[in-house]
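S.K.: Spelled out, the chains give:
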Amino acid sequence: MRDISYLSLGLTFLLILAFILFSAWQRLGLAKDTFFSSLRGAIQLLAVGYVIAYVFVIENGWILAGVVSLMAGIATAVSAGRSKRVAGIWKLIATAIFVSVSVTLGLLLTFGAIEWSGKFVIPIGGMLVGQAMNNSSLFLERLLSDVRRNGLQIESNLALGARPREAIRGLVRQALIADSIPTIDSMKTLGLIYLPGMMAGLIVGGISPIIAVKYQMVVIFMIVFEFGLSSMILAFLAHRFLFNRNAQLKEC
Amino acid sequence: MIPLFELKNVSCRKKSPASGETAVFHSASLCINGDGIFVVMGPSGAGKSTLLRFLNRLEDPQEGEIFFHGKPIREIPVTQLRQRVGMLFQLPALPEKTVRDNLLFGPHLKGENPADSVLAELMRHVDLDPGLINRDAAHLSVGQQQRVSLARVLANKPEVLLLDEPTSSLDAETALKIEETIKRLVKEDGLKAVWVTHHADQADRLGKNRIRIEKGRFV
Ligand SMILES: Nc1ncnc2c1ncn2[C@@H]1O[C@H](COP(=O)(O)OP(=O)(O)O)[C@@H](O)[C@H]1O
Ligand SMILES: [Mg+2]
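The listed protein sequences correspond, in order, to chains A and B. Each step along the first sequence adds one to the number in our numbering, with nothing skipped, and position 179 is 179. Each step along the second sequence adds one to the number in our numbering, with nothing skipped, and position 109 is 109.
Chain B on its own, in the form it takes in the complex (with noise of 0.2 Å):
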């Protein structure tokens, strides 16, 4: 079977003005196979955050090949796969726009307009109270705010969903509805999940398909 995403002896170094150099990989190897959630651990500075973005592109690898469905990613027209791996953040950053205009942001750019009924849907889909739609989305809680951008991100259609650390900013409680609402994302619609976290009880919670991220390897 041909997996979802596959990394092949990927290295990527970093430079920064404060330490210089670093490898972040060394060549390293995963696959990623498409069922459920598939979980990244690993401890802070591991290089979680940068796996997800050579999977979006975000940024590439200096050396290897990365496959999508088999395909290698730099044969796939950048903004077509980033439509297709979507992305949510470990902190929200949404423009000061109203909630309607962010979650109309992806599908505009597909030429969709979706209408305000397809909207709530939506919203009420991640819990999130469909009154909200005309408020500023820079002005809610983070909770609420990260809600939108999930939201943001489902309104895209993703096939895929990665999940940089989503829940780390919120408290325990809307943390766990956001897992509720990921899981049942899967289960019922289908939708593949890649999610970093470095929280083991998280990480528990989430399922049995999980990797770790050591010394630039995946372990």
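In isolation and in its complexed conformation, chain A is listed as follows (with noise of 0.2 Å):
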């Protein structure tokens, strides 16, 4: 497989650094946020890059468990970083993303459609546990800024005698709609405009496309199940942490 110099990676990045001047140019406030997340992501995945030989060949069933739960867990600290003014809402992400991974891995895995083995677990949970992260941070954006918006009909609710879960069912719905459009688009644009990165990964790597299109519905399945369980999750649980035992919206 062709190599790609050095130079031709730095100029890609160079790419950000536009994007970059555009934010500072606006004021947009992701200037430094985009710089130092790209630097990040481009160290982690260097640092993967390295490792990856490693894990793709573990058989190991613990080792195997660890590393998603790891991966698991760093995708919920990142997901609640973004809520911090909700006290406790880590465990709230935590339970969306390892309940919702575990059971689509499971599910696979049973089906026969992965292996237990490094070189499906560790891909596919990777992409399960990302999915679920995205997810579960977008949820909790719109919601709590729903929330946030709507302090005075939610009261009014509950003034009415509304439990928590009644007196934002509206906004939870609406919240759940909104996060499904970015699912459902890119599924309605399949192949169409997105071609998505596993499959063109299997095929640049030289894998007939039609097993490489096999391996991709699993995918898009999976993602799909994987988003309504994570959301399912978040839906059902989310007021807990929104008011307190004695049904008072608490300040988010």
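Heads up, some of the hints might be wrong.
Simulated pairs of lysine-lysine, DSSO-like, Cα-Cα distance not exceeding 30 Å [unchecked claim]: (1) Lys177/B with Lys187/B; (2) Lys250/A with Lys71/B; (3) Lys15/B with Lys250/A; (4) Lys177/B with Lys250/A; (5) Lys84/A with Lys71/B.
Some chain B residues well away from chain A (every beta-carbon gap over 10 Å; in silico) [unchecked claim]: (6) Gly106; (7) Pro130; (8) Ser149.
Honestly, the hints are just simulated from the structure, not real lab data. Note that the structure is a prediction, hence the values are computed from the model and not measured. We put the CB at the ideal spot given by N, CA and C, even for glycine.
Using the supplied hints, reconstruct the complex from the two chains, each of which is provided in its own coordinate frame.
M.R.: Right, here's the structure in full:
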């Protein structure tokens, strides 16, 4: 397979600089975060590049479970960092990520779609963790901003004797629907606009396109299922973190 | 006679990033007897809204005890208390649903499902045209929305109604209509009301049974 020179790599990194300049010019306040995130991402990728050869040959189930749990733990910390003002919200995020990832992985193994070995469990587990993390961040960001803006509406509901779950039901629904748009849209355009990363990778790596397509379908189905499962967990439990035990709305 | 509400040595401090910690109530005590409309006055920021929020437990004071019919309100299941002690806020905040669905919110929580004819009667009761029942509540005028909010609380058949400057966002004519509606409900249906206002003339129209909040105390 053809290598990429460090010069070409460096030049493509400049593309990020263009966005950073744009952000600074428009005062979006994203420049610093973008710069450090991209740097961090690059370093992480390089590090992973060096260890992945060892990770992919892991066959020990406990070690594999440990690696996936570690990824899920990191994802929880990143997603929870976005909603620091809600005490204990990491518990909700951790539940959504751990449960949805392990149930989905378990089903894929049961169906025989993947094998319990490093070269399947690590990349697939990674995708699942990433999807669950994005989903938690998007859902909670939307829900918390809706809750902040609609405090009066929520309290009007509470004042009628609604339990917390009932008082925010409408907002939870809206957040779920908004949250599902990217997932559904990406399915609609699948193969037309967007060639999914894994499939592209397999084809570039020399695997028959049809086999690549089959893997990709498994990935899409599992991601939609996992999306649904993690959303359901978030939607069912979110109210516990936004209200105290006397059904009073907390500041968030 | 056991008062409707009683506050004993209630203290409450609130923190805000802007002004630091402020003492809203300082060992304040109050008896609210249950006849007619009880009027609460006081300058802006005195703690009038906070008082009402204590009475149906949207918040709790840090110290002191509050009684409803002689029973500490912390011992009454909070959803039950709120169904008995309804609240009308300063501004309507209705979800984007039909007037019907808004009115049904409270009854549905109790497993009741009143017919449209009952809802229409309720709407007439607050001077709202029953023809609006299928309209999106969030897109009515503010005055109509405030009436829907009132009907929504009344659909719950509360024993006490807390009103937090309910007419301050309305024009004088609509405000008078709401006043008349509440006065009629108090007189005809035996509803009890605690009404917060900072308009002296409105207070005069509502009755003599009144209190002021000043510097964290009731005077
Ligand atoms: N959520 C809050 N956080 C901090 N301070 C608050 C909050 N709500 C009200 N306060 C403060 O508490 C005091 C009483 O407020 P409030 O009961 O709304 O007064 P009123 O209804 O009489 O105008 C005010 O000084 C206000 O600034
Ligand atoms: Mg107020």
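S.K.: Hint by hint, say whether it matches the structure.
M.R.: Status of the hints after comparison with the structure:
no.	hint	in the structure
1	Lys177/B with Lys187/B	holds, 15 Å
2	Lys250/A with Lys71/B	holds, 26 Å
3	Lys15/B with Lys250/A	holds, 14 Å
4	Lys177/B with Lys250/A	violated, 35 Å
5	Lys84/A with Lys71/B	violated, 38 Å
6	Gly106	violated, 4 Å
7	Pro130	holds, 21 Å
8	Ser149	violated, 7 Å
The structure fails hints 4, 5, 6 and 8 (numbered hints given earlier, in ascending order).
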